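Chemist: Spelled out from the first residue to the last, the chains are:
2 protein chains.
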Amino acid sequence: MEFSELIETSKVDHVLLSRPFLQPVKGTLCITSHHLLFASRAADKEELWLLIRNIDAIEKRFAGSSGIITIKCKDLSVMYLEIPGMEECLNIAKSIEALSSLEPTSHMYPFFYRPKQLNLQEGWDSFTPEEQFTKLSIHTDNWRLSYVNKDFAVCPTYPDAVIVHKSISDAALKTVANFRQGGRFPVFSYYHRKSGMVIMRSSQPLTGANGKRCKEDEHFLAAVLQPDKQGYIIDTRSTQAAHQAKVKGGGFESKTNYHKWKRLHRSIERGRVLQESLIKLVEACNDQSNSIDRWLNKLEASKWLSHVKTVLTTACLAAQCVEREGASVLIHGSEGRDITLQLTSLAQIILDPDCRTISGFQALIEREWLQAGHPFQLRCASSAYCHAKLKQEAPVFLIFLDCCWQMSYQFPCSFQFNEHFLITLFEHAYASCFGTFLCNNEKERFNLNVKEQTISIWARLNRPCERKLYVNPLYERNNLTIWPSVAPQSLQLWQGLFLRWNQSPEHQNEAWEQINHIMEHSRRKANPTSTELSVVKEDHARK
Amino acid sequence: MEFSELIETSKVDHVLLSRPFLQPVKGTLCITSHHLLFASRAADKEELWLLIRNIDAIEKRFAGSSGIITIKCKDLSVMYLEIPGMEECLNIAKSIEALSSLEPTSHMYPFFYRPKQLNLQEGWDSFTPEEQFTKLSIHTDNWRLSYVNKDFAVCPTYPDAVIVHKSISDAALKTVANFRQGGRFPVFSYYHRKSGMVIMRSSQPLTGANGKRCKEDEHFLAAVLQPDKQGYIIDTRSTQAAHQAKVKGGGFESKTNYHKWKRLHRSIERGRVLQESLIKLVEACNDQSNSIDRWLNKLEASKWLSHVKTVLTTACLAAQCVEREGASVLIHGSEGRDITLQLTSLAQIILDPDCRTISGFQALIEREWLQAGHPFQLRCASSAYCHAKLKQEAPVFLIFLDCCWQMSYQFPCSFQFNEHFLITLFEHAYASCFGTFLCNNEKERFNLNVKEQTISIWARLNRPCERKLYVNPLYERNNLTIWPSVAPQSLQLWQGLFLRWNQSPEHQNEAWEQINHIMEHSRRKANPTSTELSVVKEDHARK
Chain A
13 MEFSELIETS
23 KVDHVLLSRP
33 FLQPVKGTLC
43 ITSHHLLFAS
53 RAADKEELWL
63 LIRNIDAIEK
73 RFAGSSGIIT
83 IKCKDLSVMY
93 LEIPGMEECL
103 NIAKSIEALS
113 SLEPTSHMYP
123 FFYRPKQLNL
133 QEGWDSFTPE
143 EQFTKLSIHT
153 DNWRLSYVNK
163 DFAVCPTYPD
173 AVIVHKSISD
183 AALKTVANFR
193 QGGRFPVFSY
203 YHRKSGMVIM
213 RSSQPLTGAN
223 GKRCKEDEHF
233 LAAVLQPDKQ
243 GYIIDTRSTQ
253 AAHQAKVKGG
263 GFESKTNYHK
273 WKRLHRSIER
283 GRVLQESLIK
293 LVEACNDQSN
303 SIDRWLNKLE
313 ASKWLSHVKT
323 VLTTACLAAQ
333 CVEREGASVL
343 IHGSEGRDIT
353 LQLTSLAQII
363 LDPDCRTISG
373 FQALIEREWL
383 QAGHPFQLRC
393 ASSAYCHAKL
403 KQEAPVFLIF
413 LDCCWQMSYQ
423 FPCSFQFNEH
433 FLITLFEHAY
443 ASCFGTFLCN
453 NEKERFNLNV
463 KEQTISIWAR
473 LNRPCERKLY
483 VNPLYERNNL
493 TIWPSVAPQS
503 LQLWQGLFLR
513 WNQSPEHQNE
523 AWEQINHIME
533 HSRRKANPTS
543 TELSVVKEDH
553 ARK
Chain U
13 MEFSELIETS
23 KVDHVLLSRP
33 FLQPVKGTLC
43 ITSHHLLFAS
53 RAADKEELWL
63 LIRNIDAIEK
73 RFAGSSGIIT
83 IKCKDLSVMY
93 LEIPGMEECL
103 NIAKSIEALS
113 SLEPTSHMYP
123 FFYRPKQLNL
133 QEGWDSFTPE
143 EQFTKLSIHT
153 DNWRLSYVNK
163 DFAVCPTYPD
173 AVIVHKSISD
183 AALKTVANFR
193 QGGRFPVFSY
203 YHRKSGMVIM
213 RSSQPLTGAN
223 GKRCKEDEHF
233 LAAVLQPDKQ
243 GYIIDTRSTQ
253 AAHQAKVKGG
263 GFESKTNYHK
273 WKRLHRSIER
283 GRVLQESLIK
293 LVEACNDQSN
303 SIDRWLNKLE
313 ASKWLSHVKT
323 VLTTACLAAQ
333 CVEREGASVL
343 IHGSEGRDIT
353 LQLTSLAQII
363 LDPDCRTISG
373 FQALIEREWL
383 QAGHPFQLRC
393 ASSAYCHAKL
403 KQEAPVFLIF
413 LDCCWQMSYQ
423 FPCSFQFNEH
433 FLITLFEHAY
443 ASCFGTFLCN
453 NEKERFNLNV
463 KEQTISIWAR
473 LNRPCERKLY
483 VNPLYERNNL
493 TIWPSVAPQS
503 LQLWQGLFLR
513 WNQSPEHQNE
523 AWEQINHIME
533 HSRRKANPTS
543 TELSVVKEDH
553 ARK
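Taken in order, these protein sequences are the chains called A and U. One gets my numbering by counting positions in the first sequence from 1 and adding 12 to each. One gets my numbering by counting positions in the second sequence from 1 and adding 12 to each.
Chain A extracted, bound-state conformation (with noise of 0.2 angstroms):
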């Protein structure tokens, strides 16, 4: 198939482009395989290029004899095109239509995208679970790394190297595997070098309603544990779900056979909920009423911020048991690719402040998310405007990077990053023209050699000048465990994230700048040449 057969227009004059706190502007819209470009005319105004990809909705209708394009965007943003003409209108949206939903993934515009500064090489190795092992080794001899998914023959959503216990070996690793949902056998996570304990990972037990048992994995399970301990499993679903899983073939871990393990039940809201609440927090946010009462109801029917603050209390929880109880924990829904991952990797972000560095939250995310198997593709299909019947999306991601904002404000110098390193992730997530987050997991990212022949994102993000933007200047570590309070009047709305597109962008950033500024001309202080010397002073004699 051919891009150019889609696109049933590829160029439109006299196009008046409209968004939200700019000035309209007139020009010329092109569509591309991949892009809408639209240029205006005044050569000294800005162009918009748009990753067609990260159209989420359009919507068309008619004022005389033009069409008025509604763009609605996968990072929240929306825009109009006043176009002359009925039927270039319905040309131009509907070449969008079909460019936005291309299949499948190799014709996607990462396998296109060549910068000349970036290579294809780069970022896609820095984060391996090799180089975690010998991390991991420095403090334990008890884990051991397997290929027992070489070829990624005994998981499909495992990459072919995992961190397990050295008491299992790989035969028995197997025979676990046919006992937990999808393959997906318990699996380390994180060591918390005060404790020595573990954070481990895994899928639902496949117990069944006939309580069918896997002595594998119980000696696995109880190996992991010193012989005085205690471990916890955390189940991210309530007791009544749990035992409705078993009718499904699935299951938990019971007490009896898993004597060593006390089972917590969280009931954590999954999928289409948490689709529907972000649609209702966007349509929320983008009501044009005047009511403080209208807002605060919408805000509170959307359930966005009880969706938070139920996965980070049940992170604080994951390590409150690791630091407090000094106890192991195994995490697990049904599954293992969602909530999962973002309780292991929210326990982290609290216990470890490695994770809460620039390289560390890259390391986490690869490990984490990447790694770990959550389908991006399937997940962040579409975000809050899309009118097609929910499937497979849900803004687990974006409920993860949430938190970690949560985390950030509260904690306002202990995070290296700043929220436009989030935002960052979100829209990339969402929609790239890097590989990083495409497919579902590492099998599918190798049967297409996406790290082969597309960018990775850390390639991008960690280019000094890149990198620079996403710089907290308040940062100063802080190696102490953080435990973010997740009273209701303690979280916020993310602001930066879901008004971003809804407030005048002109003050937004004044703080930063200023802070930024002030940063700047410290260190410029520090070893000022002569010139420099004379500017500093002249600035202080102006104040």
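One or more hints might be untrue.
Treat identical chains as interchangeable: a pair holds within one or across any two.
The calculated SDA-like cross-link candidates involving lysine to any residue, where the alpha carbons are at most 20 angstroms apart (straight line), are [to be verified]:
| hint | residue 1 | residue 2 |
| --- | --- | --- |
| 1 | Lys292 | Glu71 |
| 2 | Lys162 | Trp136 |
| 3 | Lys272 | Gln238 |
| 4 | Lys310 | Gln501 |
Please keep in mind that the hints were generated in silico from the structure rather than gathered at the bench. It should be emphasised that the depicted structure is a prediction, and the values quoted were computed from it without experimental measurement.
Fit chain U to the known structure of chain A by using the hints.
Modeler: Same frame as chain A, now just chain U:
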């Protein structure tokens, strides 16, 4: 009356003091005429030194042989005293109750407060009508300083000197005063240099049911406007309420008799409704339940943010009239001592960068609140906890401070002061060792010799060591008018004030401390001594 008569028990040992987020401490409780003192046994533990006037409500209950007194303060903090012995407890409670509702004003603590570093004269003459008039005269000679109110003979709630239009004689002013409620004839409030327009304020005209007129009032208001100009009267009552006021002798400026003035009615809540809103808000903030829904419901039900929004929106309207319509504005409701002052002062903050400086804001508080006769003593007699029947209490000044905070939050670099400055003013308006916020108007202050016998808060706040606590390190003078967003999504709960006792103090000020630290560093580097330079270099080497 001797204070000692009110003190039933002046000292109790073995008292346990508990406060949120602090370890309970055991020690000795003492009651003096004006303070509750608490000295712990461990010498290095902090003491409590609580102004009894700051106590809004106390509650007592008994547990075994001990009594527990809950102390709820006007600054919204709450603490608990566990006192051994029921009789001791009852005596303590009785003493606190008697001392905290102490009358008359001349017995209050400001008349006894004599710190070494501050003297009685300082601060009282910093912001006089004379000084204001001198500044005004640079730009226009249309106004004059009138002493018609010498000895507060014409209007008991105005200062002795007021700025009025030069076209009106003192004799005519006296006639106008008879036609305005409480004698509050229209006076000058603000001159906008850019447009040459003014903001004035007054009380309602006493037209009554029969439509009484006052030629002097009509002429005066006509003369203020240039021949071809229209003015706006912003009436802070609904049209209906303004009509109803006629029955009680009040009224409004009819179009027929004031044809150059266009009346705009804005219904703004006052009095008891506001006080109840504050009580509900604080109750919501203290709610210990763990549900986001309940919190957002209670926040909405309190209507606090709606009141803030209405006031801020109307202040923007006034500012728009002056800046965008190029029209002068007269603001009043009924008495013109509450909402009227909120609007005139907020409009000035929007329009005038001087009001956003520390000393300009102090001058604004002096002019538009203290000298303008806001009845601080009546309005701030109790805050959110007092069980007594509501009478004249209303958080009019607090809503004004909240609106200021909303603007400083939206324009983080445009205000020279930080939120601690606003919080400090809130605290001192409700309970203070300074005389500034005592009494309800200048006449009362004069009669009690407040300016001779108490210390001005400005004397304290303007001491360099104190002043630096209130400086916004991000401040950079912004000479533009600032237009705050009043979209519901843009208005925030003022956490720094309403939640400061409900959140762990540990990380609250972390960011500001870090910014101040950077600034300090930056200043030192501008002119480093050789020792400091080496420290700086070490600092960088360590990073």
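Chemist: Each hint should be assessed against the structure and marked as holding or not.
Modeler: Outcome of the hint check:
no.	hint	in the structure
1	Lys292 to Glu71	within (18 angstroms within a copy, 43 angstroms between copies)
2	Lys162 to Trp136	within (18 angstroms within a copy, 82 angstroms between copies)
3	Lys272 to Gln238	within (10 angstroms within a copy, 88 angstroms between copies)
4	Lys310 to Gln501	both (17 angstroms within a copy, 11 angstroms between copies)
The structure fails none of the hints (numbered hints given earlier).
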